[in-house]
Amino acid sequence: MLENEKELVIKSKNGDSQAFGLLYDHYVRRIYNFIFYKTYQKETAEDLTSQTFFKALNSIASVDSQRSFSSWLYKIAQNTVIDHYRRDRHHADIDDIWDISDDSPESDFVKGLDTDRDFAKVKKYLSKLPQLERDIIMMRVWEEMPYKEIAEVVGKSEVNCKVIYSRSIKKLRDMVPLSVLLLLLLKG
Amino acid sequence: MNEKIQTILEDLYKIDSSFRTKEPELKKMIEELLLSRPDTKFDQAFADTLRAKLLTEAPVVSPYTESAMSSLSLRSLFSILDFKRVGFGTAGLVVAVLVILPFVSGRDVRDSGFTLEQIVTEKGSGTFGPLSYSGDGGRGAVAQDMAGTEMMEAPVESGAANFGVSTMSAKSAAAPDSSGSSRIMIAPYPHEIIQYVYDGEPFTLTEKEGRVYMRTKGADAGKQIASLLAGADFGLLDLNGFDNLKARQIELYEDKEFGYAVSANFEEGAMYIMPNWQRWNPVAYDTAVMSTKEAAVSEPGVGTSGSAVPDDASLITTASAFLKKYGISTDIYGTPMVDKRQFAMVHQADPSMSSLVPAWSPEQVSIIYPLILGGKEVYDESGAPYGLYVNINVRENKVSGVNNLTSQLYDSSAYALETDVQKVLSYVTGSANDIYPGQNVQTKNIRLGTPTQVLMKYYSYSVNGAGQELYVPALRFPVTSQDMTPYYQTSILVPLVKEILDGRGNVGGGISPGMPSPEIMRVER
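Heads up: the sequence lines are chains A and B, in that order. All the letters of the first sequence, read from the start, carry residue numbers 5 to 192 under the numbering used here. All the letters of the second sequence, read from the start, carry residue numbers 734 to 1258 under the numbering used here.
Hint data in this document are derived by calculation from the structure and do not stem from the laboratory. We treat Cβ as the ideally placed atom computed from N, Cα and C, and that holds for glycine. Among these hints, one or two may not hold up.
Unchecked claim - Ranges between beta-carbon positions, derived for each pair:
| hint | chain 1 | residue 1 | chain 2 | residue 2 | range |
| --- | --- | --- | --- | --- | --- |
| 1 | A | 135 | B | 989 | 34 to 40 Å |
| 2 | B | 858 | A | 134 | 23 to 29 Å |
| 3 | A | 135 | B | 990 | 22 to 28 Å |
| 4 | B | 743 | A | 11 | 56 to 62 Å |
| 5 | B | 939 | A | 6 | 35 to 41 Å |
| 6 | B | 1046 | A | 70 | 49 to 55 Å |
| 7 | A | 8 | B | 772 | 27 to 33 Å |
| 8 | A | 178 | B | 953 | 55 to 61 Å |
| 9 | B | 735 | A | 11 | 37 to 43 Å |
| 10 | A | 11 | B | 768 | 35 to 41 Å |
Only chain B is shown next, with the shape it has when bound in the complex:
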């Protein structure tokens, strides 16, 4: 015991010699800690039994075989989709089979089951080319929202390169973009400057290189998605006579009350489950026929009263039960959570509402199952967990959709990481001065805690405009407090890949501002 204590003390002295002056009390405390070490009752028989079970299961686990826990099986979903009653009739059904099978040709899909495994192929350094998006003339980074809608931040009025200072100007929005396409823009907000303040512990950045992941799309991704669909027993024809058939997208739907539609995009390697709106929500929103519960909710599409929203645990239970029922494994995801940003947006957007409707909530609540890739949690650029989204319609208390069920094929490549902590902190907390010289601006402080290392979903655009869906090493600074209302970001992300960080500095991208309750407007050109 004494030897152990002495070893621990010596250890401490090496780190901080001032500990020596407190040796008697430290000695007692460490002794107390050591004496309190619980007997963990480790049972070797348990370990041996578990080992045997694991090794029995192990042979079925390889990168190219089905894994019982990590597979995403939609077999049961399609077993409940009654294709005899599917609304597109025989001709449509034939088309569906035609488009699916080519993606799985060469495999006996019924034998191999429906798998969606996470497979990472390691490539050489810098394989994905330059990652810095520096050709956008100083615009903010183009982000993508959960539903895949392309969003464009309102341009910074001054065009100034500012690290860590995000600005929102009342005069700056609604500028039509130059692409000539229909864009969605975030509407203007009052003139405010966000100042990020770092309150966390000192930290170091020691890794000079990190793995960047790119989700691969195209034929293989399409095959992975198609393999899910191909499990459906269409009971139809032999299509071997057709050559080189390809499909970009299909949509199937259940023709029944509260039925679902399933949409698969083979090029993107993505699948979505959504309500078949023609048969969904048949409740007449007429107060005269509303039940007590329904009477508690407001008009459709506007929102529901907070009292109608189940607690987080119930929402997560509902979402998880849906995924389990339809065989969608969550093993490649972390702990699910309710996306509180929607609540914050509605609650904070108009505080006066609180007197009229004490707890105003959105009609639809999202449960996020955060993606784990390379052992790290993945976040989007807004600081929100990124992964599988299960939407629950609070009014009906039913799952109304599953978004972002994507193929899990990745290439990974090493890129140089920033190791200069001061540079990272400067990026986060850079001065808010000189953005509006001579003007009276209001500074809002957002306080940040000690960061953790995560992956950030990031779109990189090449010269020809082709996009790469990347997952890059990043630091996640949790928002510990803020004096801004409304505000919904829970964390701020800073990419650690040197060229991305440097590139943002060059074009004034800065940190994505915490857009509070953005009013969306479509700008038609």
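Chain A with its partners taken away, still in its complex shape:
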């Protein structure tokens, strides 16, 4: 979180574009990455990032400055991704790329994305986790975000996030088949 974030939010609410610019500078890469992890396509991630910030800019007057700005912004990003899949891909039950199963008609769509073999590898595990757990793992492991910030983003307490994170890691560990584990161990 930015040190003077609350102040910047209040200024932005009052129409100070430079203040909004500073908020943008702090969050643009984070939001882009967050969206990329859910879409795995550069162009789509850029498009949805643009939509997210335009929505944020146009709704900034309604933000409660006592609340977490990051939580609000990530929520917009999350909803924008969901809209993308539900409206553009006409699937009510797909919230992000991890929800597309390998045997679904949408799997061809996945093949056209900026994925590599690592995607398939990690998808095996991550796609089995609920979205919240997946998001927390990505934010913690891939983005190295502190729990405090993760807590703000997902709207839960820091303690709760830690518990969810550790539980998710446990789940992942249990999911990894023994053969894969042995392989991983031997590889090392």
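Following the hints, complete the assembly by docking chain B onto the known chain A.
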């Protein structure tokens, strides 16, 4: 890499030391996760371009100026309403102009455009006074349905204070209320007890205070609504000679086939679009003249066959296209969804119907655009998303109405929140025993998942009976499974504001029961 892995591991050990025993496999797994981190191809040039675009647009965005995306513009609606052919004639038109303009006096409405922005004014703590409705003698909470019809739950037969246990008694309904007014009551149901069972994950409640929002009504709300209407080019008179003209409500209508009527209530700050029934639905419901599609539907007002109902995506597309066409922005709302409760009610009310009409559906389907306020989704007390409702007449495959297009002016104030998880869970899952001691009752389990924090629309009534439309912090427990038929609730809401929660406990309000397919009867006094 090793340092990162070690940091993550140490982190885990702090949370749960038993992880240490699994360090080798965990290390490998985390390494695998880290190696799988995708290259997101973040492009600084893209970020710079977007920044420039945003800042170019930013100056027009302030709490008091028009926002291109968040404004609710009805300009195009009124541009298609051909006022030269509006059915109330010149005299009526004059009246319409008379009543609208005073609300927008002092502003050049044509210059400022038609905006309906969400504006929240922060007030001091406890500004809205006591929120607990404790003077109702133990009746269930008075709720309001989507159309604004006042509904009253059938009284709990025993009058017992019960947390989390909702009862419906065959003997309890149709009791006339004491107000002497005409009320709508929910008809009786067979004797059943609902037991809520919590199946979700452990959770914590850390916030000691939360913002409660009150939608402000009266002159400013009326102005906001009137500003929408004032954009219509009536091409009439200068009314500056009139003083202090006021209006409560007006209705305009299109005098053409499948025309619409627009009703605005300035005091409530609400606007509705509905069919002009005199010119709507001119199809003769005579099977002899029905087209193939029309033949698939039943008699008017009864319902349609399921085969005539488009899929969800098509319904949402139709609704969104209508809103877009008429310039009603959906940016203050979340992802739209089809209100499935209507289907559940009809399907489940009489299972024997399924053999006669395999997929029986209502004639009208609602699309809900859930309101987002203070960054949170808003739900009504029945657990359904609350927001803008677009109705689609399935028979005609046309939008037949837009409900709840309300002014977006709010005051917000801090109130103490409940932080005792056990107390909340007790409220939800309290014992069903002793409601009907010695009687043979049937318990139906409703299983609930992990809650999320939302806002709940809530009416608070002061001593003098004046109502406040509030939006209070609440927990939304999703219904994960249930063994009750019929049943249509998808979630259960529990208000987190301490005094509301405590007040409900005192008067036995409990959780609003999942009223299945209620048969509505009007009790005339």
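Hints, verified against the model:
1. A/135 - B/989: 34 to 40 Å: violated, 47 Å
2. B/858 - A/134: 23 to 29 Å: violated, 36 Å
3. A/135 - B/990: 22 to 28 Å: For residue 135 of chain A and residue 990 of chain B the Cβ distance comes to about 47 Å; the hint is violated.
4. B/743 - A/11: 56 to 62 Å: Violated, since residue 743 of chain B and residue 11 of chain A (Cβ atoms, about 34 Å apart) do not stay within the stated range.
5. B/939 - A/6: 35 to 41 Å: Given about 22 Å between the Cβ atoms, the range is violated.
6. B/1046 - A/70: 49 to 55 Å: violated, 38 Å
7. A/8 - B/772: 27 to 33 Å: For residue 772 of chain B against residue 8 of chain A, whose Cβ atoms are near 32 Å apart, the range 27 to 33 Å holds.
8. A/178 - B/953: 55 to 61 Å: holds, 57 Å
9. B/735 - A/11: 37 to 43 Å: Because 40 Å falls inside the window, the suggested range holds.
10. A/11 - B/768: 35 to 41 Å: At 40 Å between Cβs, range holds.
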